[in-house]
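Asker: Letter by letter, the chains look like this.
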Amino acid sequence: MDIIVIIIANTIAYGVPLLLVALAGMFSERSGVVNIALEGIMIFGSLFGALFLTSNLMGTDYAIAHPQFMVLVAMLISAILGTLFSLLLGYAAINLKADQVISGTALNIFAPAFAVILAWAVQGQGITDIPLPDSISLTSDWFGIASANLPDWLDTLLNKKMYLTTPLSFVILAISYVTLYKTKFGLRLRACGEHPQAADSVGIKVLRMRYIGVAISGFLAGIGGFAFVMASSDSIFTGQVAGYGFLALAVMIFGNWKPGRILFAAFFFSFFKTISALSTDAQLASIFPTFNLESPENLYKMLPYLITLVVLAFTSKQSRAPKAEGIPYDPGKR
Amino acid sequence: MLGLKSKKDTSPQKTITEISELKVTVISSVVSIIVGLLFGLVFLFIIEVIKETPDMTNPFYGFSNLMVEGFSSIRSIIKVLYKAAPLLMVGLAVGFAFKAGLFNIGATGQYTVGAFFALIAAILWQFPWWAALIVAMIAGGLWGLVPGIFKAVFNINEVITTIMLNWTALFFVNLLFYNNPGIYESRERTMNLAVANPSAILPDLGVSDSYFNIGIFIAILFAVVIFIVLERTTFGFEIKACGNNKNASVYAGIKAKRTIVYTMLISGALAGVGGGIQYLSGTVPYTVTSTTLLPMGFNGIPVALLAFSNPLGIIITSLFISYLQVGGEAMQPVYSPEMVNIITSVIIYFSAFALIVSQLIKKYMKKRLGGDEATEETDVVLDVASEEVNKISTPKTPEEGGEK
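Same order as they appear, the protein sequences are chains A and B.
Just so we're aligned: 98 in the numbering used here is position 80 of the first sequence, and the numbers increase by one with no gaps anywhere.
Just so we're aligned: 361 in the numbering used here is position 346 of the second sequence, and the numbers increase by one with no gaps anywhere.
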C-alpha cells in the first residue's frame, strides 16, 4: 500500500512540470512556431522565481504568515520572465523570419549560462545553487486539516512533494483544453498553425496570433520551470532543469499536440521514471531483480526512455504535427 | 538552386558574384561575432553593477583576458587546438545531419558511447589508438543508426528519438562501467591511460606537451573528407537534395529513407570519433555521472550553426569557439567561464538574422556601386544569402506523420 502511494506521489511530482511544459510547447507549435527553447525558458523563468523566494522579502511578517501567497507571486514572476524571454524567440521567428530551431538553440545556450552567472554575482563567487525555503510546500495544515488526523496514505500523498503548482497544473490543463477547442481564439490559433494563408484570407492576423502562441508558451514554460525546481529538483535551483524542456518536447509529440493525450503521455513517462528511481531506494531496491549485474539501477533508469521509444514506434501512424509549424509566414506564398 | 546556377553562368560578372557570395556570408558572420562580443562586454558591466562591491576595472580585465588568452603563449595555442578537435568532430556530426535536413540533437549520446567504447578498446582490449578510434566510430555510428531507422521506418521525429537515446546512452555507459571492473581506477573514473595502455594515447609527434596530440589533424582530415563527400559525390548531392526538399528528391528518384539512415549513421560515427579523440588524449579519465549529459555534444550545435554547416567552415568555427573557451577559463575567478556561452548564444541569435544583415550589406553595396548593373548583381547575392539560410534550416519538426 505504501509503495503504491509513494509511486503515485512521485509520479505526480515528476509529471506536473512535464505536463505544463508540454502544454507550453503545444500552444507555440499549434500557432506555427517550433519552440525548441522550452528548456531555456524554464531555466530563465525559474531563476527569477527562485531569486524572489530567497530574497529579503521572505523575512517579512507577511511572507512568514502567508508562504503560499509568496509562492504564487514567485510563480507569476517565473511566468512573466518566461514570457519576456520567449518573445526573443518570437521576434526572431515571426518578425525576422529567422530559422526557429537556430534562434531556439541560442536561447537554450543563453539561459543556463545566464543563470549561473547571475546566481554567482548575487550570491558570491562559485555558488550557483539556490536552495528554496522549506515553507513553500503545500501541507494538509494549509487546507485546515491537521496531518495527525489523516490516514497514513493520505498523509504521504498530501504532505510530500505537493506544491501549489500541482493542483494548479490541472486547472491550467482544463483551461488549455477549453481555450484550444471551445473558443474562437483557439480555432484561430490552430488555423495559423495549419494553414496561415487561409487564416489570413479570412482576416485573422497571423503574426499577432503567432506572437500570442509564443507568449502563452513562455508563460506556461516559466511556470513549468518553477514547478520543476520545487517538485522535481528537491527545491534547489541548480541552474539547469535536467533536460526536462527537451523531454517535454518529446511528451508533446508523444501526446500528438493534444491536451488530453499530453496529460496521458506526461504521466506515462513520469510513472516509468518513478519506477526506475525507486530502484535506488534503500528499502525497495531488493524488489528489483539484479540479473547478476553490478549497479542494476542503471538498467532501470534506461527504461522510461526505451519504453517511450517503443510506444512511439507503435503509435507513429497516428502522429500528426501542425502542418505549417516551423515555416515563417509569408503572405505571398499560397 | 539549379536556376540560380544558370543565372550565374550567363552573368558576365560571374567571378565578382562568386566573390561577393562568400563575402556576404563572411561579413554577416563577422558582424554577428562583433555584436556577440560587444554584448558580452556590456553584460560584464551589468554583472559588475549588481555585485555588492562593484569594481569597474574588472570588466575590462575580464574581457581582455577572454580575448588575449588564446594567443598569449604557445601552450595556450596548443590548448586551443586540443579543445577544438572534439568540438570539430561533434560540429561535423551536427552539421552533416543538418545538410540532410535532420537535427541531430543526440550528438552528445553518440559522443558518450563513442568515448566509452574507445576506452573499453584501449583499456580492456589493449587496442592501439587507431583501432580504438575505429571502435569509437562504430559505436557512435550504431548509436546514430537507431534514430535514423526510427525516422525512416516509423517516421518518428529524430529530435525526440535522439533526446531519449542521449539519456539511454548515459545509463548504458554507466552500466558497462560498473560491470567491467578492469576499466575503472575507482568507482568514479576510468584508469589512467598512461598506466593502462600507453599505446592507446594519441601520438604527440614529439612535442612534449600533455595537451598536444594529432587529434586536431585527424578532425581536420575528417572535415575535408566530409566536404568532398558533400560537394563532389552523388551521395552528397542526394543528402543535400533530401535536406532541401524531401518530397522533390523522392520524386527525382532519390531513395530518401536510405539516405536518412546513412546520414544518421555517418553523423553518429563522427560524434563517436569526437568522443574517442577527447578521451584517448590521455589527459582526462571518463568520470561517471548520472544527472547531466556531457555538454560536448551540445557544443557541436553552435559550431555547426556558425559555419552554416559547411564542413570547412566548421574547422574555423570550432577553433573560434575553442579559443573563446580557453579565454573564458582565464576570466576566473572574477567571472564564471559560462560567459563564453552568453557570447556564443548572442552570436548564434544574430547569425539567424543572416538575411537581414545581408540585406543591409546589399543596400550598402548598391550605394557604393550605384547604377543598374550593381542591382542585378547584388540581387543574386541576396538570393544566395537567403539560400544559405534555407540550407541550414533544420527539419520542420514532427513532420508529415499523418500524410503517409
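Do not rely on the hints blindly, as some may be mistaken.
[Said to hold, decoys possible] Below, in silico cross-link-like pairs of lysine-lysine (DSBU-like), each with a Cα-Cα straight-line distance of 30 Å or less:
(1) A:K335 <-> B:K255
(2) B:K272 <-> B:K38
(3) A:K115 <-> B:K378
(4) A:K351 <-> B:K381
(5) A:K223 <-> A:K200
(6) B:K272 <-> A:K335
(7) A:K341 <-> B:K38
(8) B:K66 <-> A:K115
(9) A:K202 <-> B:K255
(10) A:K341 <-> A:K351
(11) A:K351 <-> B:K270
(12) A:K115 <-> A:K202
(13) B:K378 <-> A:K341
(14) B:K378 <-> A:K351
(15) B:K272 <-> A:K276
(16) A:K341 <-> B:K381
(17) B:K270 <-> B:K38
(18) A:K335 <-> B:K270
(19) B:K38 <-> A:K115
(20) A:K202 <-> A:K351
(21) A:K351 <-> B:K272
(22) B:K381 <-> A:K115
(23) A:K351 <-> B:K66
(24) A:K200 <-> A:K335
(25) A:K115 <-> A:K276
Read the hints as simulated data drawn from the structure, not as lab findings.
Asker: Given the proposed pairing of K378 (chain B) with K351 (chain A), does the C-alpha separation stay at or below 30 Å?
Answerer: Answer holds: K378 (chain B) to K351 (chain A) is near 25 Å, not above 30 Å.
Asker: Against the 30 Å threshold, does the CA-CA distance of K202 (chain A) and K255 (chain B) hold or violate the hint?
Answerer: Violated, because 41 Å separates the two Cα atoms, which is more than 30 Å.
Asker: Given the hinted pair K115 (chain A) and K276 (chain A), is their Cα-Cα distance within 30 Å?
Answerer: holds, 26 Å
Asker: Between K272 (chain B) and K38 (chain B), does the CA-CA distance stay at or below 30 Å?
Answerer: Not satisfied, since the Cα-Cα distance of roughly 36 Å exceeds 30 Å.
Asker: Are the Cα positions of K202 (chain A) and K351 (chain A) separated by 30 Å at most?
Answerer: holds, 25 Å
Asker: Straight-line Cα separation of K341 (chain A) and K381 (chain B) no greater than 30 Å?
Answerer: Violated, at roughly 38 Å.
Asker: Checking one constraint from the list: CA of K351 (chain A) to CA of K270 (chain B), max 30 Å. Satisfied?
Answerer: holds, 28 Å
Asker: When you check the alpha-carbon spacing of K66 (chain B) and K115 (chain A), does it fall within 30 Å?
Answerer: With a Cα-Cα distance of about 38 Å, the restraint between K66 (chain B) and K115 (chain A) is violated, given a limit of 30 Å.
Asker: Does the structure keep K341 (chain A) and K351 (chain A) at a Cα separation of 30 Å or less?
Answerer: It holds: about 15 Å lies between the C-alpha atoms, which stays within 30 Å.
Asker: Mind checking the alpha carbons of K272 (chain B) and K335 (chain A) for me, to see if they're no more than 30 Å apart?
Answerer: holds, 16 Å
Asker: Compare the distance between the alpha carbons of K341 (chain A) and K38 (chain B) with 30 Å, and conclude whether the hinted pair is satisfied.
Answerer: violated, 36 Å
Asker: If you draw a straight line from the CA of K223 (chain A) to the CA of K200 (chain A), is it 30 Å or shorter?
Answerer: holds, 19 Å
When held up to the earlier numbered hints, the structure conflicts with 2, 7, 8, 9, 13, 16, 17, 23 and fits the remainder.
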